[in-house]
Amino acid sequence: MPGRRFYLKVARECEIALPLEAVERVVHRANPDYGELSPQAWSLAAALGVTPDQKLPGVLVLLRGGACWHAGEALFGEEGENVKFMAVPPCLLDRQPPWCTGVLEFGGRWAFVADPGALEALHG
Amino acid sequence: MAEERFLMVRAGGWGFALPLEEALAVIDAPAKRPLPKSRAWCSGWVAFKDHVVPVLGGEGYSSLGPPSMLVIVERQGVLLGLPCQEATISAGVSCDNSGEEAAAGLPVAGEAEVDGIGRAMRPDLRKLYSVLGIQ
Numbered sequence: 001m002p003g004r005r006f007y008l009k010v011a012r013e014c015e016i017a018l019p020l021e022a023v024e025r026v027v028h029r030a031n032p033d034y035g036e037l038s039p040q041a042w043s044l045a046a047a048l049g050v051t052p053d054q055k056l057p058g059v060l061v062l063l064r065g066g067a068c069w070h071a072g073e074a075l076f077g078e079e080g081e082n083v084k085f086m087a088v089p090p091c092l093l094d095r096q097p098p099w100c101t102g103v104l105e106f107g108g109r110w111a112f113v114a115d116p117g118a119l120e121a122l123h124g
Numbered sequence: 001m002a003e004e005r006f007l008m009v010r011a012g013g014w015g016f017a018l019p020l021e022e023a024l025a026v027i028d029a030p031a032k033r034p035l036p037k038s039r040a041w042c043s044g045w046v047a048f049k050d051h052v053v054p055v056l057g058g059e060g061y062s063s064l065g066p067p068s069m070l071v072i073v074e075r076q077g078v079l080l081g082l083p084c085q086e087a088t089i090s091a092g093v094s095c096d097n098s099g100e101e102a103a104a105g106l107p108v109a110g111e112a113e114v115d116g117i118g119r120a121m122r123p124d125l126r127k128l129y130s131v132l133g134i135q
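Protein sequences, first through last, are from chains A and B.
Under our numbering, the first residue of the first sequence carries the number 1, and numbering increases by one thereafter.
Under our numbering, the first residue of the second sequence carries the number 1, and numbering increases by one thereafter.
With the rest of the complex left out, here is chain B (with noise of 0.2 Å):
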């Protein structure tokens, strides 16, 4: 199987493995701004590159801990901050496992064996915003 490279992110005490392609950036969370009347899913906003972001981490998403970082996800012109508590980049291989359910309240895709960490869930961005209706 081909090397990949993986974001290996903490959050909350579970570890995921997300395709390096598949995040846009990782930066330091600033403090959060609130966003009345938003999806319960959403626990605020920041501003990244002219973008308004939501934050995950409201119902449903609170194991998911306070975020010191942030993952920027994109898909179909809308972006997602991802809270974490830590981010690095490994490599490893993908591996499929398809009775893997959502952990964290994060859809999982499979596994991935990462180098020197051994194997971790690959969320699926794709459902994740399904689930979270903004896609």
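Isolated chain A (complex conformation) (with noise of 0.2 Å):
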């Protein structure tokens, strides 16, 4: 399953995959707006319950929809031909409609394809 995407580093061991057209604006701390706009962001990490990598630099990710994610970091990428798309039985998660679709996995490094609405309902 080829494309692009934006992929979003939460935690040592969790990478979401958005699609390209779920996202207005990706917003990094040296950025001006960071500080105006960062009061109506919520974590991702913790809607999601995981640790946050703190390594990682800190962006703001403003979605087409309106809500304003706060991410470790975001990437841009265009997969080739070697990703792997493994899909997730809805079963697996404890809150539906699920946030989490599929693992897109590609040379050693995995991602989870999330659906935005979805994990949006999980910080609700």
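Source of the hints: derived by calculation from the structure; they are not laboratory data.
Be aware that one or more of the hints could be misleading.
Capping the alpha-carbon separation at 27 Å, the derived lysine-lysine pairs in BS3-like fashion look like this [unchecked claim]:
1) B:Lys32 / B:Lys127
2) B:Lys32 / A:Lys55
3) B:Lys49 / B:Lys32
4) A:Lys84 / B:Lys49
5) B:Lys37 / B:Lys49
6) B:Lys37 / A:Lys55
7) A:Lys84 / B:Lys37
8) A:Lys84 / B:Lys32
9) B:Lys37 / B:Lys127
10) B:Lys49 / B:Lys127
With the Cβ distance kept under 10 Å, some of the chain A side facing chain B (calculated, not the full set) [stated by the list, open to error]:
11) Ala47
12) Pro89
13) Arg95
14) Gly102
15) Phe112
These figures come from a predicted structure and were not determined experimentally.
The C-beta atom is built at its ideal place from N, Cα and C for all residues, glycine as well.
Bring the two chains, given one by one in their own frames, into a single complex with the hints.
If you want it as structure tokens, here you go:
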């Protein structure tokens, strides 16, 4: 399933893959808007119940739907042909609709394919 | 009674006789990866033949012990990794025992008389999947 996505690093073993079209803007700490937007951002790590990787710089991710997330790092990536998609059965997750639909594995790295709406519901 | 082949599984001090046809594979347990917001029974997942395989071992199943091996089972397209410390193939015969209760959290369908080992419990995978809510 090759495609263009944003990869949000959240914790040491938690990376989220989002479709490119779901993301409006990524704001880095050095950006003057960071301080203004920061109070309305909610932590992806807290919503997912994982320990944030403090070594990551920290970014804000503004979604087209209006939400503002705080993640450790956001990288843009275009997958090659060696990417492997493995479905995650919805019944493995404790909240429905499932926040994660599958796992992308490529070059020893892996990321959870997230449903932005369901992920947001975890926060609520 | 007809002789069958069983996968004899040692897990956390318990011994189980799993009918061989119910086991898809036995693999050395690779490092588990976490699955955030997963069901309480899921202690993580491993990749096996392009599938995400949840590993039993969270809440209610910790007495199965730390996995050095995983028995991969499958029902209706959903794979599950059962943690164990040893797995060997033996011959034996199934015995009915409707009075058995769950052992180490695993529902028991009956027993098996296994050559050279004696009686061992037969896990009920259908019921286990039902209890886990994955069927």
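Status of the hints after comparison with the structure:
1. About 25 Å separates the Cα atoms of Lys32 of chain B and Lys127 of chain B, which keeps this hinted pair within 27 Å; it holds.
2. Distance restraint check for Lys32 of chain B and Lys55 of chain A: the Cα-Cα separation of roughly 23 Å lies within the 27 Å cut-off, and the hinted pair is therefore satisfied.
3. A C-alpha spacing of about 15 Å is found between Lys49 of chain B and Lys32 of chain B, which places the hinted pair at or below 27 Å, so the restraint holds.
4. The suggested pairing of Lys84 of chain A with Lys49 of chain B holds, with an alpha-carbon distance near 11 Å, which does not exceed 27 Å.
5. Annotation: proposed proximity of Lys37 of chain B to Lys49 of chain B holds, straight-line Cα distance about 24 Å (limit 27 Å).
6. Proposed proximity of Lys37 of chain B and Lys55 of chain A is supported: the alpha carbons are some 23 Å apart, at most 27 Å.
7. Between Lys84 of chain A and Lys37 of chain B the alpha-carbon distance is near 22 Å, which keeps this suggested pair within the 27 Å criterion.
8. For the suggested pair Lys84 of chain A and Lys32 of chain B, the alpha carbons sit about 18 Å apart, so the restraint of at most 27 Å is met.
9. A C-alpha spacing of about 24 Å is found between Lys37 of chain B and Lys127 of chain B, which places the hinted pair at or below 27 Å, so the restraint holds.
10. Between Lys49 of chain B and Lys127 of chain B the alpha-carbon distance is near 25 Å, which keeps this suggested pair within the 27 Å criterion.
11. Taking 10 Å as the C-beta cut-off, the interface hint given for Ala47 of chain A holds, the closest approach to chain B being about 8 Å.
12. Against a cut-off of 10 Å between C-beta atoms, the interface hint on Pro89 of chain A holds, since the closest Cβ of chain B lies about 5 Å away.
13. Interface restraint check for Arg95 of chain A: the shortest CB-CB distance to chain B comes to about 6 Å, inside 10 Å, so the restraint holds.
14. At about 7 Å, the closest approach between the beta carbon of Gly102 of chain A and any beta carbon in chain B falls short of 10 Å, and the interface hint on this residue holds.
15. Because the closest C-beta pair between Phe112 of chain A and chain B is about 8 Å apart, less than 10 Å, the hint holds.
In this structure, every one of the numbered hints holds.
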